Amino acid sequence: MTDDAATGLNALVVGSEVQRLRWQIEGLTDLAASFHAYKSCIWALVALAQNSSRLPPSRESLPKYDWPILVYTKMSLQNKVAIVTGGARGIGAAVVRALTAEGARVAFTYVTPSSKDIAESLVDEIKKKGGDALAIQRDMADLAAPEAIIRATTEGFHVDKIHILINNAALGYNAPLGEITVEEYERLMAVNVRAVIFMTQAALPHIGRGGRIVNLSSVSARGGYATQTVYAASKAAVEGFTRVWAKELGQEYGITVNAVNPGPVDTDMYRAAGPVHLARMEEENRKVPAAARCGTPNDIADIITFLCEERSRWVTGEVLCANGGMRFT
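Letter 74 of the sequence shown, counting from 1, is numbered 74 in full-length UniProt numbering, and no numbers are missing.
Relax, there's no trap hidden among the hints.
Capping the alpha-carbon separation at 25 Å, the derived lysine-lysine pairs in PhoX-like fashion look like this:
1) 127 with 161
2) 116 with 128
3) 129 with 116
4) 127 with 116
5) 161 with 247
Quick list of the computed label-pair ranges, beta carbon to beta carbon:
6) 252 with 181: 37 to 47 Å
7) 156 with 292: 40 to 50 Å
8) 254 with 181: 34 to 44 Å
Hint data in this document are derived by calculation from the structure and do not stem from the laboratory.
All values reported here derive from a predicted model rather than from experimental measurement.
Positions of the beta carbon are idealized from the N, C-alpha and C atoms, including for glycine.
Using the sequences provided together with the hints, build the complete structure.
Structural data, given as structure tokens:
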């Protein structure tokens, strides 16, 4: 290997061109240029391997740049079609970002007109990064919502098949037992339980073998927190039919069904829980083994994304407790 080649390789590894390449690849701003630069990296490394006696200076002796990992990894969900209910904010929005980053085309729902700008902004953000997303305004309490969401997804993406369903949309409700009303009970159960059942039912004819269903539970399903009678019951129900569906849909349909049970996560719903519940959770957060904090939406989205990938094929009927060790089971 010539001195000029070694010098060129050093420049390739630590120079501004590689830093620019890194930004391009992360943002998918210029796929062709990124591929060309990657090819150049590979050829340079081949040349180095052919004459290893003329190694360039060690990493430690080079200037302190972000060290690029020159390894091609295929997007794990390339061209998969996913639906995320309640995807404009919080955990749902983080899941939408995570799935599209892995190549999935994601339709997500939002409810209120006040969320429209947020939802459209999320779609724009994803499309600028080279992804594909679709925002659908539907109230999950509406019995017609599941079929409408499926139709909007298949028509919007011009597909018949859906590969991934994330049942994330949910309402929160805290009240002492003596103050629970029938109206609030029915409102919460309509979204947290009934909608999950019938959304999954509507999606089932479109989900083929290798499909993934992930339901969102909560630490409240097992925590026994005062004032959460209705909410805890709704999330315990989600865990129950997750296990039922894993058996019912497994061999016959080739679908895995899992649930993720987050602890406190810093979202709008978490902060709207009221001062009493919030103070109790903040006290619990200080004792979390993994770190003295509540979770972030990205903490949960990464776990959900794994459950959507092919490498999670041997995981089904599980409820993954994503709470930093706040609750072990």
